[in-house]
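The listed protein sequences derive, respectively, from chains P and H.
My numbering numbers the first residue of the first sequence as 2 and each following residue consecutively.
My numbering numbers the first residue of the second sequence as 2 and each following residue consecutively.
Think of the hints as simulated: they come from the structure by calculation, not from any bench.
Treat the numbers as computed from the prediction; the structure is a model and nothing was measured.
Think of the CB as a built atom: it goes at the ideal place given N, C-alpha and C, for glycine as much as any other residue.
A few of these clues could be false.
[To be verified] Footprint (simulated), chain H over chain P, 3 or more residues, beta carbon under 8 Å:
| no. | segment |
| --- | --- |
| 1 | 181–191 |
| 2 | 213–225 |
| 3 | 291–301 |
Protein chains: 2
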Amino acid sequence: MSLVVVGSMAFDAIETPFGKSDKIIGGAGTYIAWCASNFTSVKQISVVGGDFPQEELDALTSRKVNLEGVQIKKDEKTFFWSGRYHMDMNSRDTLDTQLNVLENFQPVVPESYQDCEFLMLGNLVPAVQRSVIEQLKTRPKLIVMDTMNFWMEIAMDDLKQTISMVDVLLVNDSEARQLSGEYSLVKAAAAIMKMGPKYLIIKKGEHGALLFHQNKVFFAPALPLEEVFDPTGAGDTFAGGFIGHIARTKDISFENMKTAIIIGSAMASYCVEKFGTERLREIGKADIDERLSQFVQLVNFDIDLV
Amino acid sequence: MSLVVVGSMAFDAIETPFGKSDKIIGGAGTYIAWCASNFTSVKQISVVGGDFPQEELDALTSRKVNLEGVQIKKDEKTFFWSGRYHMDMNSRDTLDTQLNVLENFQPVVPESYQDCEFLMLGNLVPAVQRSVIEQLKTRPKLIVMDTMNFWMEIAMDDLKQTISMVDVLLVNDSEARQLSGEYSLVKAAAAIMKMGPKYLIIKKGEHGALLFHQNKVFFAPALPLEEVFDPTGAGDTFAGGFIGHIARTKDISFENMKTAIIIGSAMASYCVEKFGTERLREIGKADIDERLSQFVQLVNFDIDLV
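Here chain P stands alone, though its shape is the one from the complex (with noise of 0.2 Å):
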């Protein structure tokens, strides 16, 4: 039984006020992949150009992600997207987006990966994602998928479709505001379970992060931090830490599910320092326990009732 992951590999270029990055590597898949394999191995469902480096895939192998699932499309080039911060951290601009492999992806699922227990879809054209599910044989038992305003913008009928056949939705505030055309977060997890899935996660940036499940709420706070370097790629690494926590303990109760949004949570915090997937690709073990008693420190009080 297995964690299947699907998203972009790419080459970035990311301007922030701190600093300016070359050409580096990026991409949602890439992200979770890095983020995922510190809990649990991954099967690789993504496309890459004959300029994508083959020590990045090397180096992901070397992590116990397989990349059977992984194409190569040698006469093409990579998924290319450059963007630029505001002050805020929070909004961006893109500043080119070239999307070449990405254009006429077909992803196809590998025979080994039909053992596939937990399915993570990265954020990518919802009839991609939703190609994965329909390759599945035996129903993953939990899919979670991510997505953005973009698709909402142009596809939203297909977007609506992918999100009917998923157990866990990941968007940001204004997202979920946006899919659900009500303001007021609580009313707009409501409508969005109403589409599909059981579970939702708002993500709210520095603010936090929230788990609705029926008439449940658990909320998860970002660790306050000196300086946010490069936001890029911390949703797709809290995605990451989300899955590869469930897939690792397989247990999908609403517990749980608390427990692997601190997880992704405290992955993220730890993405945000460098620029890229530096900081994902220093930390181990030790570093990640140590973020996550932060958390414990940072939410944990006692209470008498009055």
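Starting from the known structure of chain P, arrange chain H on it as the hints suggest.
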């Protein structure tokens, strides 16, 4: 030994996207007193005009709010504020401000208040807040101060002088940035604590609140609500719950302040459910306990380190 509260008692006229109030009872001191009196008796310092309803004063007296320090200027009018909230409920426009009795307010601390152990300075002219500290013959065990951006704009030096004399400062996130000149709240907190206060609480509205002390930080979420009906007084109510709990338990440790912040958040979550002080007048011990249980559910998680 006692809790002394300083703050305005006022008339408010409020417009929100959900409706419009008549001229209703408001003022920082009013909210703090209504809230803190759930936890302990209160000695109030304020000023009202002859137009302030006697039944409002009687209602506070019946909750063990001592009004000996409330000046009644028979021939003058009570402070009046009118404002309109925007859709996000975080920003608002002031439509009208009539200082009236507040214009020349000189607080006088009655002899019977000299046993003050805990002092809550509600948002007011910084020099007026300071005058109360200076009139106390024995320094209270804990001085908590609320303030706002308005004083940073017109009386920064004066404000900093008062800030240097208190133990706990309460500001919101944009005020913390304005006061410190730092964008990162972690850096802002460090800078503000160098101005005097050993503890800093940064309120983030619907995004919760942070408590800083030395190199420690604690985060209290806001309860996700279906609707925020009227945010007026939420910050004052938060302060009232915070100081009320501390005065009740007489424990000024960091650990107990964490609990106090959760209680402040719970009380604020009630405040915003109806116009003005209406909801605060309705709730009792059982309601408070119920909401505190919701906060425990909201942030409680089990962690088994990786």
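**OP:** Can you take a look at whether the segment 213–225 of chain P is actually covered by chain H? Rule is 3+ residues, C-beta closer than 8 Å.
**Re:** holds (count 7)
Original post:
Within the segment 181–191 of chain P, is the number of residues with a Cβ closer than 8 Å to a Cβ of chain H three or more?
Top reply: It holds: at least three residues are needed, and the segment 181–191 of chain P offers 5 whose Cβ sits within less than 8 Å of chain H.
Subject >> Check of the segment 291–301 of chain P against chain H for coverage (Cβ-Cβ below 8 Å, three residues minimum) >> reply: holds (count 8)
The structure meets every hint from the earlier list without exception.
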